[in-house]
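Peer 1: Spelled out, the chains give:
Protein chains: 6
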Amino acid sequence: MNKPVVVRHVEQPPADAVAALETYGVSTVHEAQGRCGLLASYMRPIYPGASIAGAAVTVSLPPGDNLMIHVAVEMCQPTNILVVAPTSPCTDGYFGELLATSLRSRGVKGLVIEAGVRDVAPLTQMKFPVWSRAVCSQGTVKATLGSVNIPITCAGALIDPGDVIVADDDGVVVVKRAAAREVAAASEQRVRKEEKTREQLARGELGLDIYGLRAKIKELGLEYR
Amino acid sequence: MNKPVVVRHVEQPPADAVAALETYGVSTVHEAQGRCGLLASYMRPIYPGASIAGAAVTVSLPPGDNLMIHVAVEMCQPTNILVVAPTSPCTDGYFGELLATSLRSRGVKGLVIEAGVRDVAPLTQMKFPVWSRAVCSQGTVKATLGSVNIPITCAGALIDPGDVIVADDDGVVVVKRAAAREVAAASEQRVRKEEKTREQLARGELGLDIYGLRAKIKELGLEYR
Amino acid sequence: MNKPVVVRHVEQPPADAVAALETYGVSTVHEAQGRCGLLASYMRPIYPGASIAGAAVTVSLPPGDNLMIHVAVEMCQPTNILVVAPTSPCTDGYFGELLATSLRSRGVKGLVIEAGVRDVAPLTQMKFPVWSRAVCSQGTVKATLGSVNIPITCAGALIDPGDVIVADDDGVVVVKRAAAREVAAASEQRVRKEEKTREQLARGELGLDIYGLRAKIKELGLEYR
Amino acid sequence: MNKPVVVRHVEQPPADAVAALETYGVSTVHEAQGRCGLLASYMRPIYPGASIAGAAVTVSLPPGDNLMIHVAVEMCQPTNILVVAPTSPCTDGYFGELLATSLRSRGVKGLVIEAGVRDVAPLTQMKFPVWSRAVCSQGTVKATLGSVNIPITCAGALIDPGDVIVADDDGVVVVKRAAAREVAAASEQRVRKEEKTREQLARGELGLDIYGLRAKIKELGLEYR
Amino acid sequence: MNKPVVVRHVEQPPADAVAALETYGVSTVHEAQGRCGLLASYMRPIYPGASIAGAAVTVSLPPGDNLMIHVAVEMCQPTNILVVAPTSPCTDGYFGELLATSLRSRGVKGLVIEAGVRDVAPLTQMKFPVWSRAVCSQGTVKATLGSVNIPITCAGALIDPGDVIVADDDGVVVVKRAAAREVAAASEQRVRKEEKTREQLARGELGLDIYGLRAKIKELGLEYR
Amino acid sequence: MNKPVVVRHVEQPPADAVAALETYGVSTVHEAQGRCGLLASYMRPIYPGASIAGAAVTVSLPPGDNLMIHVAVEMCQPTNILVVAPTSPCTDGYFGELLATSLRSRGVKGLVIEAGVRDVAPLTQMKFPVWSRAVCSQGTVKATLGSVNIPITCAGALIDPGDVIVADDDGVVVVKRAAAREVAAASEQRVRKEEKTREQLARGELGLDIYGLRAKIKELGLEYR
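Chains X, U, C, H, Z and R, in that order, give the protein sequences. Per the numbering used here, the very first residue in the first sequence carries number 1; after that it's consecutive. Per the numbering used here, the very first residue in the second sequence carries number 1; after that it's consecutive. Per the numbering used here, the very first residue in the third sequence carries number 1; after that it's consecutive. Per the numbering used here, the very first residue in the fourth sequence carries number 1; after that it's consecutive. Per the numbering used here, the very first residue in the fifth sequence carries number 1; after that it's consecutive. Per the numbering used here, the very first residue in the sixth sequence carries number 1; after that it's consecutive.
Think of the hints as simulated: they come from the structure by calculation, not from any bench. Errors might be hidden in some of the hints.
Because identical chains cannot be distinguished in the list, a pair is counted as satisfied if it fits within a single copy or across any two copies.
[Said to hold, decoys possible] Derived pair list, reagent style DSSO-like, types lysine-lysine, alpha-carbon separation capped at 30 Å:
#	residue 1	residue 2
1	LYS193	LYS218
2	LYS3	LYS218
3	LYS196	LYS127
4	LYS3	LYS176
5	LYS193	LYS3
6	LYS142	LYS127
7	LYS127	LYS176
8	LYS176	LYS193
9	LYS218	LYS127
10	LYS127	LYS193
11	LYS127	LYS3
12	LYS142	LYS196
13	LYS142	LYS218
14	LYS216	LYS3
15	LYS142	LYS216
16	LYS142	LYS3
17	LYS216	LYS196
18	LYS196	LYS3
19	LYS193	LYS142
20	LYS216	LYS127
21	LYS196	LYS176
22	LYS196	LYS218
Please model the complete structure; the sequences and the hints are all you need to start from.
Peer 2: So this is what it looks like as structure tokens:
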């Protein structure tokens with residue numbers, strides 16, 4: 001019922017939407033799509049400042065075994081992001097500089113892995129961004145199958161192959177492939193609206209007034225002393 | 001018995017004491033006041049190198065709801081630090097770039113929040129320091145009241161409004177308002193004493209001799225082989 | 001049966017092996033010695049970029065009491081690394097700038113501590129590297145004995161005095177003293193082999209082919225759709 | 001894009017399959033369906049010995065707000081299991097004796113909640129089983145909407161309304177509605193096979209022989225000394 | 001500024017209020033006093049079924065050192081509850097069967113400790129209830145002072161000596177001494193009201209109707225499909 | 001350097017010492033041997049009330065792979081205890097009812113595993129005691145070698161094959177094989193001494209007097225108010 005499988009063909013999200021989503025960043029995109037799709041906050045970047053978006057190539061694999069990452073590399077296309085989740089919690093270092101070199105040669109933008117990563121210093125130097133649950137030198141074996149490009153749950157979020165992954169210093173969010181354009185548009189709207197609000201706040205106006213909250217707190221019965 | 005309330009007037013600590021405390025840093029101040037008032041070590045800065053002190057504006061609010069932060073902004077004065085604690089554990093991103101812009105326009109120095117924060121990259125760029133329990137894009141609603149400027153427990157420490165918050169790369173410590181001058185003086189003493197000790201240690205003298213520990217370890221029966 | 005003791009003489013590992021191990025880094029050394037000796041992944045550097053190796057001076061001490069660190073300083077020789085483990089979990093800041101000054105005056109290269117550290121900003125400025133479980137200002141007393149230079153368990157790894165500690169951004173690994181030369185040689189081999197693999201991968205060759213994994217996944221029955 | 005919604009009609013799994021799955025227990029069912037669908041191991045029963053299966057009524061709600069549980073009660077049918085996940089981590093006690101009384105009056109078998117529960121003693125007495133992430137008295141408000149009977153992610157597993165939940169002392173597993181009969185059959189097969197194996201093992205036969213592992217460990221090169 | 005001290009005289013809460021609070025249990029009392037005073041949910045009973053209330057004798061002590069518990073025993077009166085918090089996180093077993101025997105001889109009802117406890121089997125047998133953060137055999141020294149009967153923060157809650165502690169399977173809550181009668185009365189009211197609600201719910205009425213939530217969810221815009 | 005190996009012959013501890021150690025329990029034995037050898041407090045029994053001692057058969061194995069447990073069964077003798085540690089953190093359910101049946105048929109007393117276990121209800125029913133880090137249904141593969149009867153680190157403690165494991169509701173402690181008789185004797189002494197102390201405490205005498213602590217707290221300068 002759960003046979004290991006590699007799905008070769010994955011429908012890709014529209015490139016313009018992916019490019020747009022990359023410019024908005026995680027928090028804006030997450031808000032713009034109605035606050036869904038966020039990965040758990042233990043997914044942290046290995047160095048600050050990276051900000052990427054790309055279509056997911058998904059990998060489900062056993063704890064302590066990275067055979068399927070090698071299988072997945074071949075499925076990757078330029079601008080993809082590799083998304084890896086073990087079938088049970090594991091902090092092993094599934095991924096390091098060599099696999100990053102391999103992914104980079106195929107144009108892959110980065111890695112999201114609900115497990116460990118190693119070679120943090122070289123990865124930082126080559127600016128290959130990784131969001132992971134842990135940093136850990138512990139290597140893995142190559143003994144057991146898993147699957148590539150099937151729907152997976154990663155850090156609490158459901159990710160289908162071809163979904164758009166957006167990742168920056170705030171964390172990682174997934175946008176369903178079919179909604180990419182719509183979410184990009186909603187993000188653009190949000191950014192424009194926030195620009196105006198930012199100016200108001202910078203001038204000293206209060207959120208209480210801008211968002212019309214004074215009536216609400218009065219109705220709720222807040223007492224000022 | 002626990003009615004939501006906003007206390008408008010908060011007695012401020014002496015400005016000279018606050019300024020002095022900022023120069024000593026968390027570990028010195030914590031030692032100088034007798035090792036009390038330290039917040040739990042899971043409170044971490046979102047970027048390294050910030051070091052601030054200021055009077056606390058306190059906020060108690062529900063999980064997943066930042067309405068009271070908006071209320072609190074209006075209560076903030078220049079050099080204040082906003083201190084926020086949810087009534088139960090929550091990692092949501094209650095605070096981001098827009099609220100930081102608002103606080104900055106009022107001269108607030110930074111934020112201490114026993115919850116999540118988002119927009120880490122913009123906050124780092126604008127050098128608005130935050131000490132938080134988590135980084136998380138998950139937004140909050142504005143539906144339920146809490147209180148501003150009441151005594152709160154934040155990361156295990158009791159904080160009254162008007163207490164001095166000192167925060168740097170080592171964490172966060174609270175100094176009771178009434179003790180601010182005394183603690184500043186004790187910190188100054190400690191710093192001077194440590195300068196001398198540092199010179200001795202740099203020359204190769206041992207703590208065992210400087211602190212007179214040889215007699216103690218002998219009395220306790222330490223065996224050298 | 002467990003009397004506090006300080007062992008004065010510790011056999012040192014060969015200096016050339018230590019120097020070599022420092023150049024390879026944690027992940028390579030860990031692999032080269034057969035994937036043993038890794039400390040738990042919660043041991044993190046206080047700033048990025050440090051990479052050291054040295055012979056361990058070990059300290060076993062009670063929670064909240066750093067008396068034995070002062071005792072241990074006297075036992076340290078140039079190029080040593082101090083390795084500290086409390087007898088039960090503790091996040092207190094056992095160590096700060098003054099102790100670092102003292103260790104540096106003796107030529108010690110760094111600290112590995114399964115507990116807390118403080119004065120992170122000054123330690124970063126003086127480039128004294130520390131790998132710790134926590135950053136915490138909470139000071140310690142000097143009331144109870146422990147032991148120096150006995151075998152200890154630190155972050156899940158057994159460390160004998162005189163073992164080689166290798167630490168970098170990936171974490172910390174221990175190499176048994178007697179195996180230092182052999183592990184250095186195996187690391188060198190591994191590095192050379194990886195250089196060639198890196199070139200192949202950079203050219204676009206796949207790990208599947210380089211490591212001969214295609215036969216294996218076929219035999220295991222992986223299905224491509 | 002993520003509008004709060006209550007879906008009234010949920011297709012139910014075949015009653016015979018649900019009844020069968022209840023008899024096999026979590027570990028058998030999880031194995032039988034190919035090791036998928038397991039909720040994270042932090043989901044623990046509030047008392048030992050309960051073992052249930054039923055169709056899921058799913059609830060997605062905000063942290064600290066149980067309004068939607070009240071909405072969900074009305075959607076529950078006999079033999080259902082309520083499955084609740086907050087949109088961000090929360091340990092509040094969303095659920096207690098009164099809600100259990102309400103669910104029981106509708107024939108609901110139990111609760112699975114990735115958050116806190118309270119009234120543990122009365123719930124134990126009335127034998128209303130709950131699997132939760134925490135036990136916590138902290139109550140919740142009723143201020144913000146969420147959704148009922150939409151697909152949710154609970155403790156890392158994707159759960160659609162109408163899926164079969166199986167829960168016992170080992171934890172919680174979800175069986176997709178459409179696969180319920182097939183998984184029940186596979187569980188039955190597994191149980192029968194294990195009965196035979198159990199007898200062999202009880203007689204002193206070894207797994208090494210029963211599962212034919214001796215050839216494998218020889219091929220892998222295991223050395224006996 | 002933080003001199004170790006033992007306060008001999010502690011004003012006790014009214015005995016009738018304490019007795020009443022014991023009958024209501026933690027969740028009811030916590031609600032009745034406006035949802036404050038709850039200790040963190042990691043405070044768990046060592047065996048199920050205990051339910052007590054009593055006036056707090058507070059102890060602040062160093063990690064790994066239980067000297068002050070011995071000092072505190074002498075300060076205990078019949079029906080008191082000992083409340084212990086280390087100055088930094090510690091899981092050591094500060095307390096076991098012997099100290100329980102000593103406390104019982106003085107009529108003390110139980111222990112609340114934000115640290116470890118040991119001798120769980122004998123404590124269960126003698127029915128001496130303990131709420132702790134951990135179970136751990138690791139013993140402690142008796143080398144360093146702390147304080148007895150000063151205000152402490154325990155598991156995130158502020159506890160003054162003489163406050164009423166209520167503890168059961170749901171956790172631990174503190175009621176301020178001065179509010180004990182008022183909270184007992186409010187708890188009584190709550191219990192009576194809940195009895196009626198329970199009957200309604202048992203009959204099949206819905207919380208949506210009993211609490212008048214239908215108007216609210218309509219106003220908030222919940223959509224039924 | 002770290003070749004998978006099974007050591008057939010393990011020197012056993014004296015049976016009388018093992019039997020004696022079983023009667024004293026973990027906390028007494030841990031104290032009697034000088035407070036060493038305790039496993040981390042996250043090792044918990046799957047049901048309360050079990051209390052065993054036996055010689056360790058050790059297993060080191062990969063995350064998510066229980067092949068070596070099957071290999072280890074054959075190495076077990078009556079009264080042994082199986083001790084299992086993965087090479088990196090893992091909560092998978094490596095062990096269940098079938099393996100317990102197999103171990104029981106060989107007279108093995110129980111299991112200590114720094115990972116997950118499943119079939120908790122059947123294991124409780126057959127009274128096969130297990131101390132584990134987690135309860136989890138997630139099964140394991142049988143693909144990769146590890147070692148049996150080599151020295152391992154389990155939950156922070158170093159365990160050699162043939163060491164005595166003592167486990168009860170307080171946790172797990174290891175006694176070195178060569179010290180078993182000595183520790184049993186020291187435990188007996190401790191128990192006798194504690195019996196007398198218990199009687200004194202039950203009569204109302206204070207630890208302050210029995211242990212002669214009054215002079216110490218006076219000398220340390222404790223102030224009574």
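Peer 1: Give a verdict on every hint.
Peer 2: Results of checking the hints against the structure:
{"no.": "1", "hint": "LYS193 to LYS218", "verdict": "both (26 Å within a copy, 28 Å between copies)"}
{"no.": "2", "hint": "LYS3 to LYS218", "verdict": "between (59 Å within a copy, 14 Å between copies)"}
{"no.": "3", "hint": "LYS196 to LYS127", "verdict": "between (34 Å within a copy, 21 Å between copies)"}
{"no.": "4", "hint": "LYS3 to LYS176", "verdict": "both (25 Å within a copy, 16 Å between copies)"}
{"no.": "5", "hint": "LYS193 to LYS3", "verdict": "between (48 Å within a copy, 21 Å between copies)"}
{"no.": "6", "hint": "LYS142 to LYS127", "verdict": "within (26 Å within a copy, 38 Å between copies)"}
{"no.": "7", "hint": "LYS127 to LYS176", "verdict": "within (27 Å within a copy, 34 Å between copies)"}
{"no.": "8", "hint": "LYS176 to LYS193", "verdict": "within (24 Å within a copy, 41 Å between copies)"}
{"no.": "9", "hint": "LYS218 to LYS127", "verdict": "neither (51 Å within a copy, 34 Å between copies)"}
{"no.": "10", "hint": "LYS127 to LYS193", "verdict": "between (32 Å within a copy, 23 Å between copies)"}
{"no.": "11", "hint": "LYS127 to LYS3", "verdict": "neither (36 Å within a copy, 36 Å between copies)"}
{"no.": "12", "hint": "LYS142 to LYS196", "verdict": "between (53 Å within a copy, 20 Å between copies)"}
{"no.": "13", "hint": "LYS142 to LYS218", "verdict": "between (63 Å within a copy, 13 Å between copies)"}
{"no.": "14", "hint": "LYS216 to LYS3", "verdict": "between (54 Å within a copy, 16 Å between copies)"}
{"no.": "15", "hint": "LYS142 to LYS216", "verdict": "between (59 Å within a copy, 9 Å between copies)"}
{"no.": "16", "hint": "LYS142 to LYS3", "verdict": "both (18 Å within a copy, 17 Å between copies)"}
{"no.": "17", "hint": "LYS216 to LYS196", "verdict": "within (23 Å within a copy, 32 Å between copies)"}
{"no.": "18", "hint": "LYS196 to LYS3", "verdict": "between (52 Å within a copy, 26 Å between copies)"}
{"no.": "19", "hint": "LYS193 to LYS142", "verdict": "between (50 Å within a copy, 18 Å between copies)"}
{"no.": "20", "hint": "LYS216 to LYS127", "verdict": "neither (47 Å within a copy, 32 Å between copies)"}
{"no.": "21", "hint": "LYS196 to LYS176", "verdict": "within (29 Å within a copy, 39 Å between copies)"}
{"no.": "22", "hint": "LYS196 to LYS218", "verdict": "within (26 Å within a copy, 32 Å between copies)"}
Consistency note: the structure conflicts with the earlier hints numbered 9, 11 and 20.
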